[in-house]
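Make the full structure from the sequences, and use the hints.
Number of protein chains: 2
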Amino acid sequence: MRLTSMKKLSARGVIKEMFKTSSGDTLDYIFHPRSIALVGISLSSSDSITRIFLDSLLAFRFEGAIYPVNPAGGEAMGLKVYKDIEDCPEPVDYVISMLPARLSPGLVEKCVRKGVKAIHFYTAGFRETGEEEDIKLELELARIARNNGIRIIGPNCMGIYCPETRLSFMPYFPRESGPVGLVCQSGNNSVAIVNQARWRGIRFSKVVSYGNACDLDESDFLEYLADDPETRTIGLYLEGIKDGKRFRDALGKAAKEKTVILVKAGVTQAGVRAVESHTGALAGKDAVWDALCKQLGVIRVHSLQEMVDMLVTSTFMPRPGGRNAGFVGTGGGPSVLITDDFETRGLGVPPLPEGLRKRVRELVPAAGNMLRNPIDCAQSEKLPEVISILAQWEGVDFIIGLLRIGFTRPGTTPEGMRQFRRLQNLLNGLKSISKPVAVVLEPIVLPEDMMEFFKISQMFTSAGIAVYYSSVSAAEALSAYVRKLGSNQ
Amino acid sequence: MRLTSMKKLSARGVIKEMFKTSSGDTLDYIFHPRSIALVGISLSSSDSITRIFLDSLLAFRFEGAIYPVNPAGGEAMGLKVYKDIEDCPEPVDYVISMLPARLSPGLVEKCVRKGVKAIHFYTAGFRETGEEEDIKLELELARIARNNGIRIIGPNCMGIYCPETRLSFMPYFPRESGPVGLVCQSGNNSVAIVNQARWRGIRFSKVVSYGNACDLDESDFLEYLADDPETRTIGLYLEGIKDGKRFRDALGKAAKEKTVILVKAGVTQAGVRAVESHTGALAGKDAVWDALCKQLGVIRVHSLQEMVDMLVTSTFMPRPGGRNAGFVGTGGGPSVLITDDFETRGLGVPPLPEGLRKRVRELVPAAGNMLRNPIDCAQSEKLPEVISILAQWEGVDFIIGLLRIGFTRPGTTPEGMRQFRRLQNLLNGLKSISKPVAVVLEPIVLPEDMMEFFKISQMFTSAGIAVYYSSVSAAEALSAYVRKLGSNQ
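Chains as they are written, first to last, in this note's numbering: chain F, 1 to 489; chain C, 1001 to 1489.
Keep in mind that the hints are not guaranteed to be accurate.
Stated by the list, open to error - Simulated crosslink set (DSSO-like; lysine-lysine; CA at most 27 Å straight-line):
#1 F:242 with F:253
#2 F:455 with C:1242
#3 C:1136 with F:136
#4 F:285 with F:253
#5 F:83 with F:110
#6 C:1242 with C:1136
#7 C:1435 with C:1382
#8 C:1136 with F:358
#9 F:358 with F:382
To be clear, the hints were calculated from the coordinates, so they are not data collected in a lab. Since the structure is predicted, the reported quantities are computational estimates derived from the model, not experimental observations.
Here it is, written out as structure tokens:
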């Protein structure tokens, strides 16, 4: 719907329309479907690969109608199985298809007759194989869809996770929504990002894994998320793009309104070949991506871990006014390493001025502590007071707490009790100051204590504090965050 | 003992002497003490900071005599506490001191009278505080020791871990010995390295945390490990060096015989300040270190995680003949990322030749798999056969298995059973070929499944296979390993 038809709309409609993309309405159906058919679902409960979508909808208690479809009929998880999509008793908004590739064009035609708005093809075996017949099959799929106004997600992808409408492709994903939208070409990588981010306190508004992008592509989803009031930060994992000009515009618009973080995969010669073999996309030149991101103020990162670290940073940490860090924590060795990690990445670690150093020395002894910056005094009960002195120092723009989480269980041994007390002191100190703060918690625990470590980590994320698991991660994320600042100024 | 006195030695003694440093004999006493006194130990069992050395010796069942020393006398953990070091009934080879700094020179004098060979000062509060009186105290300590032929480790450090002689500074460190020696100026960082490396299958011959190095320094320990037949790989974490010329010679000699991996901390301006504040060392210029490492064939890394990854590489992986990787594993997204990670770091990922590709296609279908390189077919039962085809390809120098370890417990759910089967297939395939192999296991599990993940990881380490926990880690380590190759050729 474009300008010509706007006069038919109410004022509210016009405003809504002005902020919508051409595919916005269809995408609303995709993220808020009233009914879903699962076509080609296996009837064997042990075939978790095609059962995962049904399992997810049931685990999330999807509120609309769910129609499993399989020519054998019968029942699946207490639901009637329909022999054909056209047998479903009510309208179907959204279809998830696990049919083999060669049966897919026929399904699209049936879906058109049934009035389906959009189809997600989980099915692989299209353009990404590089075989001529498979490429033709994908083109055929796209042609039928385009001619009939039905939209396709995929093929060769995991589709949609939208906690608000209880739509998910993994049964164990978090039920709660959050401010992060994720557009991720790879299904596998979208699972990895959601799963790693959740333990750092990140929740998602919408996640899309869109695979080969034969119809709906990265620009469609990016435009939608740029307008989505629930989404404050957008993560992008791209292997290739379909329409450079349109994508550039969408990226620029999104980055103006929101924090956008990009992993561009397929940046090397072999990486480009791997992309072709994975989603059949054209990968593009690495330097062009660097320049584009710099120009538009997009934060570019190079691994999923860096992506998660940046999502954490942008979600929890207010933007610091500059590049200088004040460190407070424990351990001489860790303090030396974090200083190098930050300075080699363009951040500053200025020395504590003599006046402030004297005030710190009045609180904690010099022996066994480092009282310059980093200030290594986490063993001291005076830690919160030291943090408040650091916070008054105009020479630093943000404060980082640094703790190695050791080998003893907090609360159960004397050293564990002390460690827990240090953690609480650090948390209280950081919570009580107004400068941007974050914390680096480095686990050096035994595997059986990892659960304990994650609980400690959640003490901080629950208080709205960004947590990193290594000083290198913190340095990478904060240097990118501060560079992004520079590009906006 | 130098050349002039060599004539007094037997032929065997002369050869032994030629391969010993001047401090070699004393260091033998340090790593193989017959008796240990713990001076200044707290009598309160909840004071784990000074009790940790006693706890460790008892946990390791140290076979020699242990003498706790505290002016209060009494008992500790069933051992008689002596009021003074001179009261100990038998000779004392080695002393661990937790006395306050100002009492330390007096202790050295007593130790001289008692015939002690070496003292480890855990105590801090010397040169690293930057205070004039503390610096003087440390110089005094070194002077008394030198004048009387007694050697000092530290002050301000954790001392020695030597599983063979049941000497440890952490009660839970592994009891078994291994081929890795570690010289680590920081106590905190030595704990982190040992603890992270153990889960990757690494065991240690000797670990030294030596702090301020007022007497014995990095060169002494490096020379000792270079000659130590139990040590094949040497890890170094240095903040500064005492004698540039001597260190350079020791490093060159060590790197000729063994794989040497270095973290040089304190490489930035602020990092140098942090080093002064931690161990009072002079840190030196970053570029000089780069040049030195390149010239001598030392592998330089920049974080503790990279150190552990390199220890794993050098322990488990035979040196590949070149830089080209063949990948076999699961997941399109992970395959694309690992390709970029390797190529951006100078490694090669050549495309699978058409002939071999045809042979792979006969085993696994193209749909849902990637059959170029990476080969993404871990779901297939034919995985071991595919690996053996890859192994015959002369275009690659080593084979990397890649698996994301997912959300289901191996062996307990249908998907878990399949995952376990994939892991076994991968392990069997990799074990049966003669090319160098390694595996990347990326955990995307829930925290409560981390124990399960570590067990999976140990399936591979027990089989002598290097395991990395991310494709970035693998790429960093292997590119450094291959570069080191280049420098030796």
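Fill in: Hints breached by this structure
Hints 2, 3 contradicted; others consistent.
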